[in-house]
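Engineer: Residues per chain are reported as follows:
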Amino acid sequence: MTADTTLDLLDNDPVFHLKGGMLTMTLVELIRLAPEQFARQLAEKVEQAPNFFVDTPVVIALDKLSEPLSDMTLRHLLSICRDHGLQPVALRGGEDFRALAGNADMVLLPPGRQREKPIEVAAEPAPKPAPKAEPAPAPAPAAPAPAPAGSGKIITEPVRGGQQIYARGGDLIVLAPVSAGAELLADGHIHVYGPLRGRALAGVTGDRQARIFCQSLEAELVSIAGQYKVAEDLRKQQWKAPVQISLEGDRLKITGL
Amino acid sequence: MAKIIVVTSGKGGVGKTTTSAAIGTGLALRGFKTVIVDFDVGLRNLDLIMGCERRVVYDFVNLINGDSNMNQTLIKDKRSENLFILPASQTRDKDALTPEGVERVLEELKENFDYIVCDSPAGIEKGAHLAMYFADEAVVVTNPEVSSVRDSDRILGLLSSKSRRAENGEKIKEHLLLTRYNPERVENGEMLSVADVEDILSIPLLGVIPESQAVLKASNQGVPVIMDDKSDAGQAYSDAVERLLGKDVAHRFLEAQKKGLLQRLFGGR
Ligand SMILES: Nc1ncnc2c1ncn2[C@@H]1O[C@H](COP(=O)(O)OP(=O)(O)O)[C@@H](O)[C@H]1O
Ligand SMILES: [Mg+2]
Numbered sequence: 001m002t003a004d005t006t007l008d009l010l011d012n013d014p015v016f017h018l019k020g021g022m023l024t025m026t027l028v029e030l031i032r033l034a035p036e037q038f039a040r041q042l043a044e045k046v047e048q049a050p051n052f053f054v055d056t057p058v059v060i061a062l063d064k065l066s067e068p069l070s071d072m073t074l075r076h077l078l079s080i081c082r083d084h085g086l087q088p089v090a091l092r093g094g095e096d097f098r099a100l101a102g103n104a105d106m107v108l109l110p111p112g113r114q115r116e117k118p119i120e121v122a123a124e125p126a127p128k129p130a131p132k133a134e135p136a137p138a139p140a141p142a143a144p145a146p147a148p149a150g151s152g153k154i155i156t157e158p159v160r161g162g163q164q165i166y167a168r169g170g171d172l173i174v175l176a177p178v179s180a181g182a183e184l185l186a187d188g189h190i191h192v193y194g195p196l197r198g199r200a201l202a203g204v205t206g207d208r209q210a211r212i213f214c215q216s217l218e219a220e221l222v223s224i225a226g227q228y229k230v231a232e233d234l235r236k237q238q239w240k241a242p243v244q245i246s247l248e249g250d251r252l253k254i255t256g257l
Numbered sequence: 001m002a003k004i005i006v007v008t009s010g011k012g013g014v015g016k017t018t019t020s021a022a023i024g025t026g027l028a029l030r031g032f033k034t035v036i037v038d039f040d041v042g043l044r045n046l047d048l049i050m051g052c053e054r055r056v057v058y059d060f061v062n063l064i065n066g067d068s069n070m071n072q073t074l075i076k077d078k079r080s081e082n083l084f085i086l087p088a089s090q091t092r093d094k095d096a097l098t099p100e101g102v103e104r105v106l107e108e109l110k111e112n113f114d115y116i117v118c119d120s121p122a123g124i125e126k127g128a129h130l131a132m133y134f135a136d137e138a139v140v141v142t143n144p145e146v147s148s149v150r151d152s153d154r155i156l157g158l159l160s161s162k163s164r165r166a167e168n169g170e171k172i173k174e175h176l177l178l179t180r181y182n183p184e185r186v187e188n189g190e191m192l193s194v195a196d197v198e199d200i201l202s203i204p205l206l207g208v209i210p211e212s213q214a215v216l217k218a219s220n221q222g223v224p225v226i227m228d229d230k231s232d233a234g235q236a237y238s239d240a241v242e243r244l245l246g247k248d249v250a251h252r253f254l255e256a257q258k259k260g261l262l263q264r265l266f267g268g269r
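Protein chains in written order, with UniProt numbering: chain A, 1 to 257; chain B, 1 to 269.
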């Protein structure tokens, strides 16, 4: 290879990749302007599910709002959001909100289409009193609360590095290995009947009852309702064993199957 | 019906071109009319390994652009009646290969050949994608090391989602070819074992080609290593071709050679 072609190759070596990604994003859809009530209702939600509101990026949707919104009111609403652990990243609405977005240093996204569904922020179970004395022969976990309707997605082929699969509104069931570099997302539970070597994020819209089941835990990351553990921590226990992962308080609990 | 087989890997330098030359030649020697298509625009290694670089007049891009016809462009191999090579273009312009052009050429080749072996460029970008898009079967060439296995895994993801067969809800038949396998280094824990790689990729094993001096020697002479039937790599490639044709052949060259006293003293191989 001549020096010339070497240079050429380096020149063409990509420095970045443009990719079509899919992010799950929570929308805060404003229906009317009432900062006081907004603050109070938001505080109630936070109390129900504190983990859901830790640095959660949100888009403030203004499409439904019929009242005029001033710079000052918007700034007030944004700071209420931040006080409660939300990170507003953009506004959503028609062109008439562009100046407002600019003044607030927010990106303006075009108005939404249908297909958005309300998130039921799952209430956290009140700290359970007695029956938590971990019986040794752990009984099959009590049937977890059924995932929201829409059931789920069944995948029968290996999920390879670079692939992402999202089961919206339900469970994700994979009957094959999940490679390192692959990503599984589900609003409900995730089952992997094979080794789990990639990332698995259950309860991505905040369902704290969601669980992850796999035949061999070799994951890069597991997460339930935003609480996560990376491989470095996972390796310390039950590595390569069949396990289920659930959320207890704000910690992930890993139990052998 | 003609079969299109892509030889692909993601990672470069793992043995795709060596494998394309060996498998193409092996199929031709067994009586199948075969053409090996070099998709590696700008590099053009295949004609060197096949020893026909001095006879290249037109190339794949000329053919697509209509500057030449099929007869003028295909190079007939000197060793086998049944074997032809479609050389890659030396042009720097990677966009010279268009999906429509590639499809047209492959369709024309299908009328005249039993097997079309596509030697893919490295990477997971356009060139590699075009080489695999029309394939019926894929030989995924992997070296026994983590980065190569990861790249092969990604390629398998593309085969199962971004190929024409995948788009039509059909499957590409996948084969794992583990090359540059060095049993001593596996025993020392410096390389992944056959079992490790099979476990990660979970596709059927077509063959294991040992790391071998014979490969370099053959490519310097412009003779596909499968013609060297005394060599371990040549024999391993022959076995792989038999398996590709559906025969059940036991795997060889998986164990380290026990070195005798003399070999140990003189460090022979
Ligand atoms: N089994 C093998 N043993 C030793 N060297 C090999 C073997 N297979 C390939 N090589 C060498 O590795 C290098 C890359 O091979 P090549 O077939 O050109 O890879 P690719 O087409 O994937 O880039 C070449 O120098 C080749 O001689
Ligand atoms: Mg090559």
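If you are wondering where the hints come from, they were derived from the structure by calculation, not from laboratory data. Fair warning: there could be bad hints in the mix.
To be verified - Calculated pairs, PhoX-like style, for lysine-lysine (alpha carbon to alpha carbon, straight line, at most 20 Å):
| hint | chain 1 | residue 1 | chain 2 | residue 2 |
| --- | --- | --- | --- | --- |
| 1 | B | K126 | A | K19 |
| 2 | B | K3 | B | K33 |
| 3 | A | K19 | B | K78 |
| 4 | B | K173 | B | K76 |
| 5 | B | K162 | B | K230 |
| 6 | B | K3 | B | K230 |
Engineer: Each hint needs a verdict: does it hold in this structure or not?
Structural biologist: Hints, verified against the model:
no., hint, result
1, K126/B - K19/A, "14 Å, holds"
2, K3/B - K33/B, "11 Å, holds"
3, K19/A - K78/B, "46 Å, violated"
4, K173/B - K76/B, "28 Å, violated"
5, K162/B - K230/B, "40 Å, violated"
6, K3/B - K230/B, "29 Å, violated"
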